[in-house]
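Engineer: Sequence:
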Amino acid sequence: MFYSIRHVTKFQYSGPVSESLMEVRMHPRSEMNQRCLTFQLSVSPRTSVTSYRDYLGNTIYHFDVPGLHSLLIIVAEALVDVQTPPQLPYSLPNSAWNELDDLVAAGDYWEMLMPSSFSQQTPALQELAKNWA
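If you use our numbering, the sequence shown corresponds to residues 29 to 161, in order.
Since the hints were made in silico from the structure, they are not lab data.
Check each hint, because a few of them may be wrong.
Taking lysine to any residue and the SDA-like style, the derived pairs with C-alpha atoms no more than 20 Å apart in a straight line are [claimed, not checked]: (1) Lys38 <-> Glu59; (2) Lys38 <-> Arg74; (3) Lys38 <-> Asp92; (4) Lys158 <-> Asp129; (5) Lys38 <-> Ser98; (6) Lys158 <-> Ala134; (7) Lys158 <-> Ala106; (8) Lys158 <-> Ser147; (9) Lys38 <-> Ala106; (10) Lys38 <-> Val71; (11) Lys38 <-> Ser48; (12) Lys38 <-> Ser147; (13) Lys38 <-> Asn61; (14) Lys158 <-> Ile102; (15) Lys38 <-> Ala104; (16) Lys158 <-> Ser144; (17) Lys38 <-> Ile102; (18) Lys38 <-> His55; (19) Lys38 <-> Asp129; (20) Lys38 <-> Leu96; (21) Lys38 <-> Met50; (22) Lys38 <-> Leu69; (23) Lys38 <-> Leu84; (24) Lys158 <-> Met142; (25) Lys38 <-> Thr75; (26) Lys158 <-> Gln148; (27) Lys38 <-> Cys64; (28) Lys38 <-> Ser72; (29) Lys38 <-> Val103; (30) Lys38 <-> Asn122; (31) Lys158 <-> Trp125; (32) Lys38 <-> Ser58; (33) Lys38 <-> Asn126; (34) Lys38 <-> Ser76; (35) Lys38 <-> Val93; (36) Lys38 <-> Ile101; (37) Lys158 <-> Asp109; (38) Lys38 <-> Met54; (39) Lys38 <-> Trp125; (40) Lys38 <-> Pro117.
Use the sequences and the hints to build the structure in full.
Structural biologist: Encoded structure:
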């Protein structure tokens, strides 16, 4: 299935600003059952846009709008092809935990497996952890 995506961001300042420095993370990723076929980023006032990839493989667009302006408009447009995902198995073999441990030991995904200030322990979570220890 094809999706045409258009995202508009507008910054309207109460008075003229002398400069806008921005990073945009809106380029859809191509992975698994999703392919980004086209992507275009437009900025008004017009300026030079550069891009780079972060360590997770995301495309980051960076730009600077020098000079006085009261309105900044960023338009990101993409055409994405999304295929039906493969059916998930009912369960994974016990060795899946060992494979995850191997990835963590190799240094992959460590930042996503560390405790987070965005989640709180609950009795149910503590009980789950106790059962897996």
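Engineer: Tell me, which hint numbers fail for this structure?
Structural biologist: Of the numbered hints, 1, 6, 7, 12, 13, 14, 19, 23, 27, 30, 32, 33, 37, 39 and 40 do not hold.
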